[in-house]
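Engineer: Single-letter residue listing:
Protein chains: 2
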Amino acid sequence: MENLKASEAQRVILGAVATLGVESVKMERSLGRVLAEDIKANRNLPPYDVSAMDGFAVRSVDIANTPATLELIEEIQAGSLPTKTVQAGQCSRIMTGAPVPQGADAVIRVEDSKVISTNSIQIAVAVKPGNFIRPHGEHMHTGDVVLKAGTEITPGVIGVLATVKAAQFSVYRRPCVAILSTGNELEGMDEPIDPNKIPDSNTYAVMAQVQALGIEPVLLGIARDDPAELEEYLQRGLDYDMLLVSGGTSMGEYDYVRPCMEKLGVKMIFWRVQTRPGHPLTFGMTDKTVIFGLPGYPVSSMVSFEEFVLPALRHMTGNQRLHRRTITARLAHPVKTQPGRTEFIRVLLTHTDAGYVANTTGTQSSGVLLSMARADGLMVVPADCKGLAEGDQVTVQLLDGSAFQENVCYRE
Amino acid sequence: MENLKASEAQRVILGAVATLGVESVKMERSLGRVLAEDIKANRNLPPYDVSAMDGFAVRSVDIANTPATLELIEEIQAGSLPTKTVQAGQCSRIMTGAPVPQGADAVIRVEDSKVISTNSIQIAVAVKPGNFIRPHGEHMHTGDVVLKAGTEITPGVIGVLATVKAAQFSVYRRPCVAILSTGNELEGMDEPIDPNKIPDSNTYAVMAQVQALGIEPVLLGIARDDPAELEEYLQRGLDYDMLLVSGGTSMGEYDYVRPCMEKLGVKMIFWRVQTRPGHPLTFGMTDKTVIFGLPGYPVSSMVSFEEFVLPALRHMTGNQRLHRRTITARLAHPVKTQPGRTEFIRVLLTHTDAGYVANTTGTQSSGVLLSMARADGLMVVPADCKGLAEGDQVTVQLLDGSAFQENVCYRE
Chain A
1 MENLKASEAQ
11 RVILGAVATL
21 GVESVKMERS
31 LGRVLAEDIK
41 ANRNLPPYDV
51 SAMDGFAVRS
61 VDIANTPATL
71 ELIEEIQAGS
81 LPTKTVQAGQ
91 CSRIMTGAPV
101 PQGADAVIRV
111 EDSKVISTNS
121 IQIAVAVKPG
131 NFIRPHGEHM
141 HTGDVVLKAG
151 TEITPGVIGV
161 LATVKAAQFS
171 VYRRPCVAIL
181 STGNELEGMD
191 EPIDPNKIPD
201 SNTYAVMAQV
211 QALGIEPVLL
221 GIARDDPAEL
231 EEYLQRGLDY
241 DMLLVSGGTS
251 MGEYDYVRPC
261 MEKLGVKMIF
271 WRVQTRPGHP
281 LTFGMTDKTV
291 IFGLPGYPVS
301 SMVSFEEFVL
311 PALRHMTGNQ
321 RLHRRTITAR
331 LAHPVKTQPG
341 RTEFIRVLLT
351 HTDAGYVANT
361 TGTQSSGVLL
371 SMARADGLMV
381 VPADCKGLAE
391 GDQVTVQLLD
401 GSAFQENVCY
411 RE
Chain B
413 MENLKASEAQ
423 RVILGAVATL
433 GVESVKMERS
443 LGRVLAEDIK
453 ANRNLPPYDV
463 SAMDGFAVRS
473 VDIANTPATL
483 ELIEEIQAGS
493 LPTKTVQAGQ
503 CSRIMTGAPV
513 PQGADAVIRV
523 EDSKVISTNS
533 IQIAVAVKPG
543 NFIRPHGEHM
553 HTGDVVLKAG
563 TEITPGVIGV
573 LATVKAAQFS
583 VYRRPCVAIL
593 STGNELEGMD
603 EPIDPNKIPD
613 SNTYAVMAQV
623 QALGIEPVLL
633 GIARDDPAEL
643 EEYLQRGLDY
653 DMLLVSGGTS
663 MGEYDYVRPC
673 MEKLGVKMIF
683 WRVQTRPGHP
693 LTFGMTDKTV
703 IFGLPGYPVS
713 SMVSFEEFVL
723 PALRHMTGNQ
733 RLHRRTITAR
743 LAHPVKTQPG
753 RTEFIRVLLT
763 HTDAGYVANT
773 TGTQSSGVLL
783 SMARADGLMV
793 VPADCKGLAE
803 GDQVTVQLLD
813 GSAFQENVCY
823 RE
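The listed protein sequences derive, respectively, from chains A and B.
Position 148, counted from 1, in the first sequence is what our numbering calls 148; the numbers after and before it change by one each time, with no gaps.
Position 50, counted from 1, in the second sequence is what our numbering calls 462; the numbers after and before it change by one each time, with no gaps.
If you're looking for bench data, these hints aren't it; they were derived computationally from the structure.
Where a beta carbon is used, it is the ideal one built from N, C-alpha and C, also for glycine.
Be aware that a few hints might be false.
Cβ-to-Cβ under 7 angstroms is the rule here; a few derived chain A residues that face chain B [what the hints assert, rightly or not]:
1) L72
2) S201
3) A208
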């Protein structure tokens with residue numbers, strides 16, 4: 001297949017790559033992974049009706065007329081059990097999380113009470129039955145599925161796993177990813193500066209994109225434009241679950257990557273997609289390895305990763321949310337676009353009372369990686385768009401680093 | 413200070429905590445850190461005018477009338493230099509990234525050409541000077557500051573660091589964080605199930621919140637409600653840059669945390685904030701350690717972390733963006749709120765053509781951590797709000813795990 005629409009390319013990729021197998025992981029090391037098993041509650045929580053406050057357990061009928069003075073009969077700490085039943089005119093001191101004693105049907109906060117003497121408490125407010133009581137099983141009942149397979153493990157999920165004491169559990173395996181750059185023009189990190197060469201930034205930008213998904217990739221280095229050398233490097237890359245090759249996939253004479261791959265038994269599934277940047281993307285498979293040929297330009301390579309490699313990696317790791325979150329913004333200025341391909345334009349976002357405003361990051365040349373370093377997001381321009389005016393509403397995919405903002409949102 | 417407004421509490425905290433010192437880090441291990449030095453360009457990029465495409469370098473005047481047939485005089489690969497000047501009626505084959513030869517002022521794509529014979533090329537399109545040429549220095553000039561101190565290191569930033577071959581550089585140090593839970597009612601992960609106790613989820617939920625910021629915290633365990641034991645644990649926590657203590661900070665009789673801290677020389681700066689949940693938050697300092705007393709309820713503890721601890725940690729690590737990103741959503745249903753405190757309500761987000769729709773995650777009881785595990789974000793309800801109606805526009809802070817979505821946003 002050749003020159004697919006962006007959504008077609010994505011469908012083909014997600015149809016071809018499979019979620020990997022499972023492995024066992026300790027809870028402390030599980031953040032960001034995806035559960036491969038249902039997690040069930042192993043207890044009722046709370047195990048009985050408990051107090052939601054530090055205060056006094058009372059019979060609501062006793063305090064219908066306030067102030068009401070009650071006899072203090074007991075003190076119940078969290079972690080201990082009541083020993084006395086609250087009778088008419090009585091109350092027990094109770095701590096947050098402690099079991100509500102028999103007889104009592106409400107809790108009064110410390111703040112709404114006054115100690116009259118060692119065993120006499122004055123209550124200032126009338127309340128309904130159930131006040132400040134958390135009913136037993138409010139959080140979970142034994143045997144309930146509290147977390148389903150496919151759940152991404154966030155801090156809140158970790159809290160629930162700790163609640164049911166799941167110290168170790170099954171998650172989907174993360175893929176092993178290899179990264180290869182190609183081209184005679186590339187200068188390695190350790191090589192001296194040669195003005196006739198271009199520093200190899202793709203290896204490291206793609207490395208970081210992979211790392212941002214919690215995966216530590218293997219860097220294969222730079223293969224020169226020589227069929228034998230390229231074949232050797234590619235062969236090494238086919239040992240991994242995924243091989244990302246940047247450069248060498250366009251139509252130039254010296255682009256050996258595709259023929260080399262075919263020689264090594266890679267089934268080429270498509271080449272070229274209708275996006276700007278990122279047109280010369282290729283996608284292939286072996287029985288074992290998913291292969292992406294990323295464009296050589298740094299920005300193109302990074303954008304192709306965001307749109308096509310990232311959803312594939314998240315799918316392989318069992319995630320159900322595969323795509324970058326999008327928000328809506330208003331354009332701060334007109335933007336020229338060329339219809340025919342889905343366009344990804346790097347933008348800065350500013351937050352105003354009327355919502356987000358997007359400014360492009362200056363030059364959109366695919367060679368200017370600084371535009372990607374500065375961007376908060378990628379504005380997605382539909383393929384049929386003939387140009388955008390100031391104030392137009394646009395869709396922006398949020399990039400890494402944009403999860404936080406400078407201003408806070410309280411109003412008091 | 414007591415019972416601060418949420419924004420006041422945040423101001424007090426951010427005024428009291430300082431950005432930590434710097435340390436050197438290798439580029440491969442720098443994702444998510446914050447640059448503590450300006451990074452300068454060490455070369456011009458591109459070093460000369462280069463071709464943006466695989467194709468032919470031509471004189472634009474020669475192809476004003478098409479089709480034009482030109483004599484092919486040379487082939488210039490990326491990484492090599494041209495040896496011949498393009499004269500009238502001539503062209504050179506050129507690869508993406510290769511230097512444009514003298515005489516030529518434009519590049520024609522392979523797709524817009526036809527090979528007539530070994531040394532004769534037919535060009536199908538007329539173009540303006542500069543076509544498909546990336547001017548020298550378009551990306552950066554030697555000595556330019558390409559990244560400023562204070563920049564968060566994202567994949568795009570890593571690409572730029574690799575471009576200027578910054579293999580190692582200064583970043584702000586990350587704080588060492590200790591986590592302590594307190595309370596007789598707590599049951600440790602390794603202890604057998606006791607229906608009279610509550611599993612200690614706070615230690616692990618807070619651990620994961622700290623891990624999500626790239627920091628590996630130290631877990632001190634559970635201190636029982638005994639002044640001597642508590643003092644011993646707290647003392648240990650004061651060896652770290654930050655100590656997070658959950659539980660034991662409300663007004664109950666057995667809340668020893670505050671007096672114990674004061675005994676150990678902690679200067680208590682404030683207690684209680686006007687938020688729901690998270691009211692019993694405390695904040696203190698020693699010369700060395702920032703101390704937060706988090707509420708004992710799991711949800712309260714997590715929300716307090718998001719609102720107050722997270723900005724402090726990000727400030728300590730040199731970040732300029734301290735707060736969770738917010739989006740705007742429409743409420744799917746009415747929500748009862750109590751005026752007087754800033755309220756944080758856990759919501760699920762769904763994306764529609766008309767923007768985001770927020771649904772609350774069911775019970776908002778502070779004891780029901782499942783609501784936090786399921787939430788995409790925290791809806792921030794201003795302190796003066798008397799209730800929200802269906803369709804009201806609300807502000808939602810995005811939580812970890814919400815950086816991705818199920819649907820893609822192309823339109824073709």
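Engineer: Check each numbered hint from earlier against the structure, then list the numbers of those it violates in ascending order.
Structural biologist: 1
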